[in-house]
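Quick mapping for you: the protein sequence lines, in order, are chains A, B, C and D. Residues 4 to 315, numbered by my numbering, are exactly what the first sequence covers, in order. Residues 4 to 315, numbered by my numbering, are exactly what the second sequence covers, in order. Residues 4 to 315, numbered by my numbering, are exactly what the third sequence covers, in order. Residues 4 to 315, numbered by my numbering, are exactly what the fourth sequence covers, in order.
Just so you know, the hints here were simulated from the structure itself, not pulled from any lab data. Hints are not guaranteed to be accurate.
To be verified - Straight-line Cα separation of at most 20 Å, DMTMM-like style, residue types lysine to aspartate or glutamate; simulated pairs:
hint	chain 1	residue 1	chain 2	residue 2
1	C	Lys147	D	Asp234
2	B	Lys147	B	Glu278
3	A	Lys147	A	Asp30
4	B	Lys147	A	Asp30
5	A	Lys147	B	Glu278
4 protein chains.
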Amino acid sequence: MPALNDFDEFRSIAKHVNNWGRWGAHDEIGTLNLITPEVVRAAAATVRTGRRFALGLPLQQFGVQTGLIPGRVNPLHTMVALNWEMFGPGAIATSDDVVTMGLQAGTHWDGLGHVSHGNRLYNNRPADATITAHEGATYAGMEKIPPLLSRGVLLDVARARGVRRLAGDHAVTPEDLEAAEELAGVRVGAGDVVLVRTGQIQHYLGGDRDAYAFPSPGLSYRTPEWFHARDVAAVANDTLTFEIFPPEVDGMYLPVHALHLVEMGMMQGQNWNLEALAADCAEDGSYAFLLSAPPEPFTGGVGAPVAPVAVK
Amino acid sequence: MPALNDFDEFRSIAKHVNNWGRWGAHDEIGTLNLITPEVVRAAAATVRTGRRFALGLPLQQFGVQTGLIPGRVNPLHTMVALNWEMFGPGAIATSDDVVTMGLQAGTHWDGLGHVSHGNRLYNNRPADATITAHEGATYAGMEKIPPLLSRGVLLDVARARGVRRLAGDHAVTPEDLEAAEELAGVRVGAGDVVLVRTGQIQHYLGGDRDAYAFPSPGLSYRTPEWFHARDVAAVANDTLTFEIFPPEVDGMYLPVHALHLVEMGMMQGQNWNLEALAADCAEDGSYAFLLSAPPEPFTGGVGAPVAPVAVK
Amino acid sequence: MPALNDFDEFRSIAKHVNNWGRWGAHDEIGTLNLITPEVVRAAAATVRTGRRFALGLPLQQFGVQTGLIPGRVNPLHTMVALNWEMFGPGAIATSDDVVTMGLQAGTHWDGLGHVSHGNRLYNNRPADATITAHEGATYAGMEKIPPLLSRGVLLDVARARGVRRLAGDHAVTPEDLEAAEELAGVRVGAGDVVLVRTGQIQHYLGGDRDAYAFPSPGLSYRTPEWFHARDVAAVANDTLTFEIFPPEVDGMYLPVHALHLVEMGMMQGQNWNLEALAADCAEDGSYAFLLSAPPEPFTGGVGAPVAPVAVK
Amino acid sequence: MPALNDFDEFRSIAKHVNNWGRWGAHDEIGTLNLITPEVVRAAAATVRTGRRFALGLPLQQFGVQTGLIPGRVNPLHTMVALNWEMFGPGAIATSDDVVTMGLQAGTHWDGLGHVSHGNRLYNNRPADATITAHEGATYAGMEKIPPLLSRGVLLDVARARGVRRLAGDHAVTPEDLEAAEELAGVRVGAGDVVLVRTGQIQHYLGGDRDAYAFPSPGLSYRTPEWFHARDVAAVANDTLTFEIFPPEVDGMYLPVHALHLVEMGMMQGQNWNLEALAADCAEDGSYAFLLSAPPEPFTGGVGAPVAPVAVK
């Protein structure tokens, strides 16, 4: 199996977008450093109407996972108490619940520990010594993430291309992003969180998990340079695989994951439901908003569920 | 065991604060209805410096649960893949994780399905038929909660009383809230989310889980009327039990839970770490802020973890 | 939806096979009372060659469950320590694992708490008050089961009918059991554990979970009377549904479950792999053996995994 | 931290008891090879009265684990269906349950993958490449274990020494085993499973988990040679740590684990409740019996729960 560095396309982009050392040898949060107080203030200033949009899918047994990724199980929600009269018959009754789930099973952020290549994680950490069965990510775990709240910008690629949703073999290119940016009428800048809409999640919302999973449109390996040039803080979209799958170049698996997470130190989000937000943006023409999307702070987590909220 | 309605103190307050039917017979979100677009706009307008504060505790095996509440287990985080070369030797490697946890084990919101008394839930729903082992909360489950983002106000009762933290037998009274409000220099109003600081969580942060759990300062049964009068949307604090425990009136267990969740339909949050936020508020004198605190949307959940963020 | 007691066929059989009170009003183990020391001695005496057969399926993520039964999840096996040097670098290293699974997900016993009809469990217990979210089965839980070891008898119905496996719509009748008994050359008697072979599990062993699940041959509602007449202690077979599914009589769902578990107080086993044992029995003509099949003693369990062993 | 091979005592014993290659380079079951059909026949022949003894502890939230071993969680048993009328109102109702637990949390067998030293597992396998987060034990996993049923012999060391239970600092020596063997009046031989009673589990049965855990009597590092000389198939006892803890030699941690699991390829069992069996043996003077103790066959498991049964 070829390594990613065996591909010229990958190697030269990796060199170009690499952020190792940019925020110091001990940095664990990568491009989230770009969310400055100024960016946060500007994000708050985008709020005009006070309308709020939930971008997370309900967490449930019939979630987006179909078993393709071993161990990444959909949420199993069980009750451990059911109107239980803890203090005796007749007294107040409590119900309590428990869940077992893959941290990346639903709407989530990939953490910087999620992916390595050539045994390297972001900031040149050795993957084998850094991610352990016992403690998970001992570096860049999800508990290290600062409150993830910034300006969000929706790049509605499907709409910019005039389709309800992109075809399964459509790789979202930098040109697609530029067209969507033009539609948005907003320039993506430093510290922004970019939400890329493909429409693919319509399959899941319509009840077809298999069609949602695969084949899937998604980011091309050429987009990380664009995000790098704009210095965005994070990117999320409405697909299971995030990047196009099957891959554009035969045998070059998950190059965008490697470029974002390992080379740039940039978190990426999957399974975000952008449908209602996109409809609203199309209606009022405003594609920038306050985005609050803090991952659950699992100690040692290499990913985490998030319940993102956009406010316009 | 006496029922809550056997206590005169409880019965008269319950009648006074009851919101059943206020937002219609089918309402499932109670006082969250009070977060209007106007409130959200005002919340965004509180942002001045862009400083952000994480109010959630890290989710980990050594969490706040000590086994007192059966089944409410601390997060067990395990790796299901560890730098796994899914596509063959040499190719990109992925790590993946899974968790088992009580939904109310860490920093969380109590949902409206968490508590019943006299077999009644909020809005007069029968508890036994509404919360089921199979589906959890079939009414007012956590997946129904709209994006929980509003103006937050910190009522630092410990500081207002001039102590580092309240004693274990201190019931926070309406008078305490008023004093803290005066210290804050902000009037709590409709749709606000109120954060009440006792300082009790210092025990946990210092490594003493047992001292954190019990005995604990917390809200008096007299405070719900105050929250009701101000029409707040939700209340959270920095304790495990939320209300004072052991209870103020012998045998009157968890009256605040019943008044908030059942009578008012108001969600309440526990195990919120308010220490850093409080220090900042004391320094700059600003006790109002944008608060983003959407619970993870578990279908049928009677509670859910949250990673709250305050922005000033 | 008709209740089971609405069907004449069911009602008359139920009356006939009912064991409520037979072993006292407080009995929690039903027909397992029939395994006497004499039966155990006779079981040990069947051992001639010392050959052992494992009848349990490996417990794994790709198990027999396909999602049809909500919450009954296949085993998710994860490592919590991986060659972990608990006592410091260079010292001994330990690996540890954790599982989440439905107790009835793989090769298992149905406990007496698994099924109720008309709100009744075995021995006339009210189902709603007896099986609770908080404690599970407060009566007849799996921790109450005495060591389940007795004489086993294989009734190879598929072989007796001269087929590799029974068709999906074949209901195993008392006449089938008699034919298989004649083939076995052994008379089934009091305290025996009967293993009924349909061959259906070949589908799963061949990789086709869906074909295994449904439609499935299995016991006819007419067989409980036969088991009752012979006073057998328990019955297990090599299917997911145990009884024929879809049911023989339209709308009469799971009558065998109700007759065995509720009326007779007889545990039943599913997903037992009888293939190797059956081949050996066919070869040497001996269909009786020592069977050891103690369920894992989960407190409050309504079912439990088992790793059954036959010894000839 | 010293490695085990830094200790002369360990190194010479390890060399002496090593079974690598004894059953071939591909063997995955070690001393279980010693359970021959002859041994099984002899085991069955020990059955005289038909009395059965359960040696497993109930699996429950208040189990033997106290949190000392990270991740090895006590069973969390939850209901996913509670008298659920799956086929509609009035029809038959089913209850279903799910568990999350450490595979070595209760009464269990340590598998050969549980321990390594110097990066070696039994039969000279490299530990790091063999035990993986993704698949667990890819060699000698619990699914490979043949039906574990043999002759059991109780060596009641506590009784032989005339005490109710051994003191917390008592290392069980070969001399202790010989004295108990003399008391038993049975010679331990090839293929036997030896149960060593210390009485320590009385602490747990009496409700004191902490006293049970530590300090604990247990096997001395000098006993593996005795087991090796007798060619026993497996050893189990009634303690949490199996061997004496804290260790006999300062810094020489878990030498018995390493000698049994790594050098000899011999499984060992912990948390076995031998009290009732021991009382019966003392009464009738018979210390040999049929022992059925098949571990649950978890694919890739490094340990597994077991519900052992002794039959006399």
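Hints, one by one, checked against the model:
1. Lys147(C) - Asp234(D): At roughly 36 Å apart (the allowed maximum being 20 Å), aspartate 234(D) and lysine 147(C) break the hint.
2. Lys147(B) - Glu278(B): Violated. Lysine 147(B) to glutamate 278(B) sits at ~30 Å, over the 20 Å cutoff.
3. Lys147(A) - Asp30(A): 10 Å, holds
4. Lys147(B) - Asp30(A): 38 Å, violated
5. Lys147(A) - Glu278(B): Holds, at about 18 Å.
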